[in-house]
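J.: Take a look at the letters that make up each chain.
Number of protein chains: 2
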Amino acid sequence: MKVHVSKNQLADVLGHVERIVPARSSNPGLSLVKLALSENALVFSGSNMDMDIESRVTADVVGEGQVAVPAQVFGQVVRALPGDQVELSLDDKEMEIVSGAYSTRLQLVDASQAPTISFTEDLEGELDAGQLVSALSHVRYAAATADYQAIFRGVKLELADGRTRAVASDGFRLAYYHLDSTSGLSANLVLPARSVEELIRILDDGTVRLAVGEGQLALATSDTRLNVKLMEGSFPDYERVIPSSFPVSVTTDAKALSEAVSRVALMADRTTNNRVDMFVKDGTMQITAEGGFGRSQEAVTVNQQGSEPEIAVAFNAKYLVDAVSPLSGQVCISLSRDTAPSVMVDPENPGYLAMVVPLRTG
Amino acid sequence: MKVHVSKNQLADVLGHVERIVPARSSNPGLSLVKLALSENALVFSGSNMDMDIESRVTADVVGEGQVAVPAQVFGQVVRALPGDQVELSLDDKEMEIVSGAYSTRLQLVDASQAPTISFTEDLEGELDAGQLVSALSHVRYAAATADYQAIFRGVKLELADGRTRAVASDGFRLAYYHLDSTSGLSANLVLPARSVEELIRILDDGTVRLAVGEGQLALATSDTRLNVKLMEGSFPDYERVIPSSFPVSVTTDAKALSEAVSRVALMADRTTNNRVDMFVKDGTMQITAEGGFGRSQEAVTVNQQGSEPEIAVAFNAKYLVDAVSPLSGQVCISLSRDTAPSVMVDPENPGYLAMVVPLRTG
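Protein chains in written order, with my numbering: chain A, 22 to 383; chain B, 22 to 383.
One or more hints might be untrue.
A pair counts as met if it fits within one copy or between any two copies, since identical chains are not told apart.
[As the list claims (entries may be wrong)] Dumping the calculated DSSO-like pairs for lysine-lysine here, alpha-carbon to alpha-carbon at most 27 Å:
| id | residue 1 | residue 2 |
| --- | --- | --- |
| 1 | LYS28 | LYS276 |
| 2 | LYS339 | LYS23 |
| 3 | LYS302 | LYS114 |
| 4 | LYS23 | LYS114 |
| 5 | LYS23 | LYS250 |
| 6 | LYS250 | LYS114 |
| 7 | LYS28 | LYS250 |
| 8 | LYS23 | LYS302 |
| 9 | LYS276 | LYS250 |
| 10 | LYS276 | LYS114 |
| 11 | LYS250 | LYS302 |
| 12 | LYS28 | LYS339 |
| 13 | LYS339 | LYS302 |
| 14 | LYS250 | LYS339 |
| 15 | LYS339 | LYS114 |
| 16 | LYS28 | LYS302 |
| 17 | LYS276 | LYS23 |
In short, the hints are calculated from the structure, not lab data.
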């Protein structure tokens with residue numbers, strides 16, 4: 022078996038596969054990537070149990086067959102190759118990789134040692150890949166990292182007629198991103214946040230086809246197929262806790278606000294949940310923080326609206342900065358009294374909404 | 022006391038001081054930076070016991086006095102300031118920092134809590150700071166990281182009439198960088214490698230004045246004064262182990278050789294000391310490596326000279342790559358037989374020499 026392939030294309034595909042396949046595993050088969058040679062293509066596949074990936078690269082192929090090789094070593098060798106083109110020659114035991122004046126002979130493993138993976142051909146749903154990535158990447162930050170409640174370590178994907186929405190929450194804050202496009206499917210899925218990160222990195226432009234199967238979401242682009250294992254359990258009904266009216270709303274530049282909050286929060290303590298206090302009155306938001314090293318404040322000019330002349334509210338500064346971080350222009354913050362959550366939206370893009378539960382004042 | 026100062030100048034100086042002053046310490050005084058206000062200058066000083074630093078920034082100052090403040094918090098606040106100018110107002114208890122719409126009040130500590138540091142005024146030696154940095158940064162990599170022999174975790178500075186030389190070794194490899202300039206001092210000093218790294222970052226252009234005192238080297242530039250604690254013990258006599266004749270020498274492009282060695286070494290194992298084998302004959306250097314994953318090779322064209330037609334030698338690939346890394350053009354490698362070390366020099370810059378002890382062949 023002989024293959025001629027572009028070094029850069031091979032490195033790109035292996036880069037994706039290596040993100041999934043673990044470098045080391047107590048199950049040694051899991052660190053293998055399977056290579057299948059077919060007419061005009063090399064097909065790589067691997068798994069980390071939570072996600073399966075199969076990615077193909079166009080190549081001149083003579084012969085056919087399947088072998089397996091440790092994914093990380095193969096990826097390191099391919100990235101280091103000196104030439105633009107790569108020649109692979111395979112027998113049952115070794116793969117010779119030649120590029121420029123360099124050659125290496127990698128020991129092969131029988132393909133049966135690699136995980137058995139299957140992909141459905143029946144993908145009836147469809148979304149724009151860029152839009153799906155945008156939805157997932159806007160909300161990813163709000164998922165929990167500690168296991169306060171396991172389901173919060175996932176990102177919910179709501180697929181319904183006329184709408185597609187990604188939602189994440191850790192119980193103290195929530196973010197959703199709403200797409201007007203319809204996938205053609207109807208399901209509520211929770212994907213592990215780690216798998217969502219890989220999807221954000223692997224999917225790019227074009228169309229992604231979708232299917233919901235037994236405990237998993239299948240995705241396919243023109244050159245990559247993925248299975249994502251779903252989380253069990255149901256996501257709490259978040260819509261009923263989003264307030265619908267607010268005494269005060271402010272609109273201001275998202276980046277400037279985020280920098281001001283971060284700067285003031287330098288004086289906040291971990292013992293006070295990284296607390297910053299905000300007081301809005303007469304078109305000015307006064308941000309203050311206090312801790313063992315001292316206290317700080319900054320005034321930010323805002324476009325103030327609402328039924329009441331002033332409001333005081335306190336937040337974990339990190340939650341506020343995270344909520345504003347996906348926005349590049351203005352942010353509109355609708356502030357609630359007492360323990361009711363406040364809501365941040367992008368005036369230019371009504372698809373994004375973030376909600377943050379305040380810290381107790383007084 | 023009131024100070025007006027440029028934000029960027031203040032941030033630069035604090036950046037240097039923060040590299041020395043530890044963020045946390047079991048001795049809380051050690052994490053403080055002392056601020057001394059004098060006419061037209063703010064002077065910062067601190068220590069990590071191995072190095073003392075004093076750095077000054079020009080400023081409009083009203084009043085005089087000394088206070089101390091936690092270095093890391095002060096640095097974080099200054100870097101985050103929104104304006105180009107900073108106003109500091111100090112009393113005994115607090116420093117108010119105002120810039121743009123932001124202000125913070127940092128708790129001050131009595132200056133007596135900060136380490137007591139003194140700097141000699143009597144600096145009779147002198148070197149070009151850029152040249153000293155160049156010498157130290159060429160050899161730093163060769164110092165030991167593990168405590169095989171404590172003195173090897175330092176960089177030797179040889180100050181003699183007509184020569185200045187930096188030397189580092191870990192017993193398996195050695196590097197020196199020779200300057201033709203004379204400091205005017207005569208001493209052999211060993212500086213801790215960690216302190217050498219800070220010197221490389223802190224010193225820049227201009228002249229550095231030098232003095233050797235009781236167990237320390239004092240350095241001064243126009244705005245910064247430093248004391249570096251010296252290591253005790255004497256550096257082995259390395260010159261007698263540098264071979265003077267070699268059966269084969271090769272000259273080739275340093276970067277291309279380094280990349281080829283790194284590429285081939287991907288198949289080398291930790292169990293074989295990351296071993297690469299080299300065989301030179303007929304103007305070609307054949308580089309090979311072998312390990313559990315397979316074996317690899319690459320041929321590099323070299324300009325070969327010497328009394329013998331061929332030579333085989335093996336190295337730890339990392340040592341070879343490190344030795345060549347400071348060179349941007351050609352490298353000339355003089356190869357020895359058996360266990361004698363090989364020597365790498367820069368044909369364009371005779372000041373640099375690296376020596377690597379080979380691995381046993383056969």
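J.: All hints are to be evaluated individually against the structure, with a verdict given for each.
T.: Consistency of the hints with the structure:
Taking identical chains as interchangeable, the C-alpha atoms of LYS28 and LYS276 lie at most 27 Å apart only when they sit on different chains, with a minimum of 20 Å there against 40 Å within one chain. Within a single copy, LYS339 and LYS23 get their C-alpha atoms no closer than 54 Å, and across copies no closer than 33 Å, so neither meets the 27 Å cut-off. For the homomeric pair LYS302 and LYS114, neither the shortest alpha-carbon distance inside one copy (75 Å) nor that between copies (31 Å) is at most 27 Å. In the homo-oligomer, the alpha carbons of LYS23 and LYS114 lie at most 27 Å apart inside one protomer (14 Å), although the nearest pairing across protomers, at 77 Å, exceeds that limit.
For a Cα distance limit of 27 Å, the shortest separation of LYS23 from LYS250 qualifies neither inside one copy, at 35 Å, nor across copies, at 62 Å. Taking identical chains as interchangeable, the C-alpha atoms of LYS250 and LYS114 are never at most 27 Å apart, the minima being 33 Å within one chain and 58 Å between chains. When the C-alpha separation of LYS28 and LYS250 is checked against a cutoff of 27 Å, the pair qualifies neither within a copy, at 31 Å, nor between copies, at 51 Å. When the C-alpha separation of LYS23 and LYS302 is checked against a cutoff of 27 Å, the pair qualifies neither within a copy, at 73 Å, nor between copies, at 31 Å.
For a Cα distance limit of 27 Å, the shortest separation of LYS276 from LYS250 qualifies neither inside one copy, at 36 Å, nor across copies, at 45 Å. In this homomeric assembly, LYS276 and LYS114 never come within 27 Å of each other (Cα to Cα): the closest approach is 56 Å inside a single copy and 34 Å across copies. Within a single copy, LYS250 and LYS302 get their C-alpha atoms no closer than 49 Å, and across copies no closer than 56 Å, so neither meets the 27 Å cut-off. Within a single copy, LYS28 and LYS339 get their C-alpha atoms only as close as 42 Å, which misses the 27 Å cut-off; across copies the closest is 25 Å, which meets it.
Proximity of LYS339 and LYS302 under a CA criterion of 27 Å is satisfied intra-copy only: 23 Å inside one chain copy versus 63 Å between copies. For a Cα distance limit of 27 Å, the shortest separation of LYS250 from LYS339 qualifies neither inside one copy, at 30 Å, nor across copies, at 41 Å. In the homo-oligomer, the alpha carbons of LYS339 and LYS114 never lie at most 27 Å apart, since the shortest distance is 53 Å inside one protomer and 29 Å across protomers. Taking CA atoms no more than 27 Å apart as the test, LYS28 paired with LYS302 passes in neither setting, with 60 Å inside one copy and 30 Å between copies.
In this assembly of identical chains, the alpha carbons of LYS276 and LYS23 never lie at most 27 Å apart, being 53 Å within a copy and 31 Å across copies at closest.
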